[in-house]
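Asks: Read off the chains here:
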Amino acid sequence: MNTLIAVGAGIAVVTGLGAGIGIGIATGKACEGIARQPEAESKIQKNLILGCALAEATAIYGFVIALMIMFVLK
Amino acid sequence: MINVSFWNIFFTVLNLLILFVAFRIFFFKPIAKIIAKRQEEADEVYAKATEKEDEAGELVKQYEAKLAEAESEKKQIIAEARKSADGQYQKIVADAKEDAKSIHDTAIAEANHEKSQIIASAKKEIADIVVDATTKVVGSKTGADIDSKLFDEFLGKAGE
Amino acid sequence: MSLAEKLVEELNCETVFTIHLGGLKIPVMESVVVTWIVMAVLILLAIFLTTGLKTQNISKKQAFAELIYEKLTQVVGATLGEEGKTYTTYLVTILLYIGLSNIIGLFGFKSPTKDVNVTAALALMSIILVEAAGIYQRGFKKWLHSFVEPVPIVTPFNILDVFTRPLSLCMRLFGNVLGAFVIMELLKIVVPPVIPAVFSLYFDLFDGLLQAYVFVFLTSLYLKEAIE
Numbered sequence: 082m083n084t085l086i087a088v089g090a091g092i093a094v095v096t097g098l099g100a101g102i103g104i105g106i107a108t109g110k111a112c113e114g115i116a117r118q119p120e121a122e123s124k125i126q127k128n129l130i131l132g133c134a135l136a137e138a139t140a141i142y143g144f145v146i147a148l149m150i151m152f153v154l155k
Numbered sequence: 004m005i006n007v008s009f010w011n012i013f014f015t016v017l018n019l020l021i022l023f024v025a026f027r028i029f030f031f032k033p034i035a036k037i038i039a040k041r042q043e044e045a046d047e048v049y050a051k052a053t054e055k056e057d058e059a060g061e062l063v064k065q066y067e068a069k070l071a072e073a074e075s076e077k078k079q080i081i082a083e084a085r086k087s088a089d090g091q092y093q094k095i096v097a098d099a100k101e102d103a104k105s106i107h108d109t110a111i112a113e114a115n116h117e118k119s120q121i122i123a124s125a126k127k128e129i130a131d132i133v134v135d136a137t138t139k140v141v142g143s144k145t146g147a148d149i150d151s152k153l154f155d156e157f158l159g160k161a162g163e
Numbered sequence: 002m003s004l005a006e007k008l009v010e011e012l013n014c015e016t017v018f019t020i021h022l023g024g025l026k027i028p029v030m031e032s033v034v035v036t037w038i039v040m041a042v043l044i045l046l047a048i049f050l051t052t053g054l055k056t057q058n059i060s061k062k063q064a065f066a067e068l069i070y071e072k073l074t075q076v077v078g079a080t081l082g083e084e085g086k087t088y089t090t091y092l093v094t095i096l097l098y099i100g101l102s103n104i105i106g107l108f109g110f111k112s113p114t115k116d117v118n119v120t121a122a123l124a125l126m127s128i129i130l131v132e133a134a135g136i137y138q139r140g141f142k143k144w145l146h147s148f149v150e151p152v153p154i155v156t157p158f159n160i161l162d163v164f165t166r167p168l169s170l171c172m173r174l175f176g177n178v179l180g181a182f183v184i185m186e187l188l189k190i191v192v193p194p195v196i197p198a199v200f201s202l203y204f205d206l207f208d209g210l211l212q213a214y215v216f217v218f219l220t221s222l223y224l225k226e227a228i229e
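Chains as they are written, first to last, in our numbering: chain A, 82 to 155; chain B, 4 to 163; chain C, 2 to 229.
Just chain A, with the same shape it has in the complex (with noise of 0.2 Å):
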């Protein structure tokens, strides 16, 4: 039963797989857009900061739903 709960938190994590491809791409892009366009720097960095939060959300709640599986289950 443990080895199952381990394995489920462990599928649970990969969520961050999602996130740091997000993030990247995301992170890529706005540099991109700032080296296009610098005096719109502030702008870019404020959604990037948005975006890059909604992103993370993902990978957080697959952490915290592992965090769960292994505390809850238990």
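Treat the hints with care, since some could be wrong.
When the alpha-carbon atoms are kept at most 30 Å apart in a straight line, the in silico BS3-like pairs for lysine-lysine are as follows [stated by the list, open to error]:
hint, chain 1, residue 1, chain 2, residue 2
1, B, K55, C, K61
2, C, K55, A, K127
3, C, K61, B, K36
4, B, K36, C, K55
5, C, K55, A, K124
6, C, K62, B, K32
7, B, K36, C, K26
8, A, K127, B, K32
9, B, K40, C, K142
10, C, K55, C, K86
11, B, K36, C, K86
12, C, K7, B, K40
13, A, K110, C, K225
14, C, K55, B, K51
15, B, K40, C, K61
16, C, K225, A, K127
17, C, K72, A, K124
18, C, K72, B, K36
19, C, K72, B, K32
20, B, K40, C, K86
21, B, K32, C, K61
22, B, K40, C, K55
23, C, K62, C, K72
24, C, K189, A, K124
25, B, K32, C, K26
26, A, K127, C, K72
27, C, K189, B, K32
28, C, K55, B, K32
If you are wondering where the hints come from, they were derived from the structure by calculation, not from laboratory data.
For chain A, the structure is supplied; the task is to place chains B and C on it using the hints.
Replies: Chains B and C alone, transformed into the frame defined by chain A:
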């Protein structure tokens, strides 16, 4: 950690509300007030400065007006003086002309008078001479025709 | 003590003491006590900074206080816009509270934001503020009508939004702080002396302050959407 407890949420909400109210009282209000006050003071100083500037502008205007007035007065005085001087000059010139004319006239009149007097006296002398000569001639020998001839001759000479 | 046990012990939020009010037993958790400490620090700091304010020849203390005030108001007000000026004070307070709560772990306390109840309370207050502001600014009818915009078919999602937004706010803050905390604890166990200090700069300071900003930023975004 993950177990939800009502009292914990309740306490946190209460704490946050207290913190919010305390921050409003101790942080936001005094600072906003002091900033507003400073702004007010700055506005006041600015308004005063503007007022002073206006006043100074007013004074400058007044002085300019006064200067302009003085200028025009000066011009007027000069014009008047010039006018009166001109009049006087004209008068003097006219007087002088008149004097000159009167002197001239008197001189002419005198000259004429003298001339006529001289002519009159000359005529008289001539007449006397003629009379003398006539008497002489008459007294000596000659006839009437010679007399008249001589007389005419004298008269013609005297008339010239 | 094994690694897991240590972690669990660190993660658990104990009841510090219990108030007996009549027949009622009110447990006071560790996070609430740390919140009191955070509050005390913030309020004392505010009182200290705002004593002896002058309009001219200001002291360095006052310049600092005004700098904080103006910067924070500017940061929060930038998203909120002109209509939402009333809510700036609340959001700045929340920003300071979450910020200090996130980095108080550096001083040996357990961050209150590591307790899901605290973040739940924060998210609850945020969503209540957002909806109340919507009702107050637009009137009840228009507020109700905003649920069927832009097309009636999205109504379920709009209603769902009211619940998912605070949930996501709550879980984001909680998960981030907890994740950073777990990683820091692991680092402290695996490579004890110097390396954790370097990482704590990122996880505790940078991430903590960033999460505080993100929380306030998202709340102000929801607020702006609600009052427009």
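Asks: Does each hint hold? Answer for all of them.
Replies: Cross-check of the supplied hints:
no., hint, result
1, K55(B) to K61(C), "violated, 34 Å"
2, K55(C) to K127(A), "violated, 35 Å"
3, K61(C) to K36(B), "holds, 18 Å"
4, K36(B) to K55(C), "holds, 10 Å"
5, K55(C) to K124(A), "violated, 36 Å"
6, K62(C) to K32(B), "holds, 17 Å"
7, K36(B) to K26(C), "violated, 44 Å"
8, K127(A) to K32(B), "holds, 29 Å"
9, K40(B) to K142(C), "violated, 41 Å"
10, K55(C) to K86(C), "holds, 25 Å"
11, K36(B) to K86(C), "holds, 16 Å"
12, K7(C) to K40(B), "violated, 55 Å"
13, K110(A) to K225(C), "holds, 26 Å"
14, K55(C) to K51(B), "holds, 21 Å"
15, K40(B) to K61(C), "holds, 19 Å"
16, K225(C) to K127(A), "holds, 15 Å"
17, K72(C) to K124(A), "holds, 17 Å"
18, K72(C) to K36(B), "holds, 17 Å"
19, K72(C) to K32(B), "holds, 16 Å"
20, K40(B) to K86(C), "holds, 20 Å"
21, K32(B) to K61(C), "holds, 19 Å"
22, K40(B) to K55(C), "holds, 9 Å"
23, K62(C) to K72(C), "holds, 15 Å"
24, K189(C) to K124(A), "violated, 38 Å"
25, K32(B) to K26(C), "violated, 38 Å"
26, K127(A) to K72(C), "holds, 16 Å"
27, K189(C) to K32(B), "violated, 43 Å"
28, K55(C) to K32(B), "holds, 14 Å"
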